[in-house]
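Trainee: Please construct the entire structure, taking both the sequences and the accompanying hints into account.
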Amino acid sequence: MLEQLELDHSLQLALAELAHTEATAVQEQVIPLALAGRDLRVSAPTGSGKTLAYLLPVVQQLLTRPLPPKAGTLALVLVPTRELARQVLKECRQLLGKSTLRADALTGGADFKYQKSLLRKNPEVIIATPGRLLEHCERKSADLGGLRILVLDEADRMLEMGFREDVLKIASYSSADRQTLMLSATLHARGLGEISASLQHEPESVNCGEIRAAHKDIFHQRILADSQEHKDKLLLALLADSRGRKQLIFANKRTTAARLAGLLQHHGVRAACLHGEMSTEERKVVVSRFTQGVIDIVTASDLAARGLDIEGIDTVINYDLPFSGDDYLHRTGRTGRAGSQGLAISLVTAADWNLMISIQRYLNLEMEARALPGLKARYSGPKKMKSSGKAAGHKKKTGKVTEEKKKDRLRDRKAKGKPRGKATPKPANDGFAPLKKRREPEG
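Per my numbering: the sequence shown = residues 1 to 443.
Note that these hints are calculated values from the structure, not bench results. Some clues are possibly wrong.
[Claimed, not checked] The calculated lysine-lysine pairs, modelled on BS3-like cross-linking and capped at a C-alpha distance of 25 Å, are:
hint, residue 1, residue 2
1, K284, K90
2, K246, K216
3, K70, K116
4, K70, K113
5, K233, K376
6, K233, K216
Mentor: And the structure:
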């Protein structure tokens, strides 16, 4: 399909060098509509090739339409995280590699003055996180007046992170007749319809696969665990032969991710940590070393679940089970990409059982039970289960309290004994009693 498109010669050369010849399902549907100038709302699962689906039309339109001199930013891609910004920038620069067009990224945590110097060079394409770009717009260092194309990648995630107002303010700095592409995990995310109505003109919806469906190239397993100490032992056993294999370990808290990285390093594993409190440079170093194979294991918070696109990750381990099926899908989507096989392993305690069942039902998958020799958990699952597979709790019996079952309370017993006699009533004044002298008040 890509070979049949009448693309600019420099873009064809870039695609040939990247060996992009066959389009994915989302690319087949999105690229023709985007090239036609339509506003789009796109739903596509992780690892489906959606980044190229919107970048290719963006680059093609910039290459084939006259570029006004010093017009400022012509194409803008907004993303929720720094990691995703770097991934999109890398792919965009590859597509622009045979042309004279320029792309740069603006994210939080980087030097603001340096970013101003980048903007003075008038890059045609900007990939940015909303907070930092809005700061540049308000300080007049970014010019969006000539913007032709606005892309909101992972729009649902930006809404979840509270970027709604920032996105609307950024859009207000741009041209009203721009083309707007909105990509999301689902077209039904809360607030997505409202922001689409504010930014898009008669958008066409493109649904490329059920987002709740588990990735067909990923094998899912669960290992029961009794405690944190038991989890640590299981993790070390799973990673005993990890050298040379890229594996990603997810924890729900950054403190847990940092502790696990230290634990693995103590046992001679080439590991590093990735979480949201690290500076941009620190995170770039970790991602670079992981990509190059200098380290084998990265322990991460959910920060890395979106936007981390590194080839060769063969295993994702959920040290902590994620809180939702969507989070599970994004975490495990870091493996099994581009047709390769992947493995997802979840460590499940008794407290996680019902959550695991909910995730399985939500994604319509079954995690295969697995145990490691010598480390089998004492916990083997709930003794009683509901038809859904969740643990059955013990319901308290309700009903009226009978006299026999009434509590024997101290306050009921302490007044027991000889019953009090009735108080003798004062005689009534019948008019014949002698008068009493009135008592004069003292003082």
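Trainee: Looking back at the numbered hints, which does the structure fail to meet, lowest number first?
Mentor: 6
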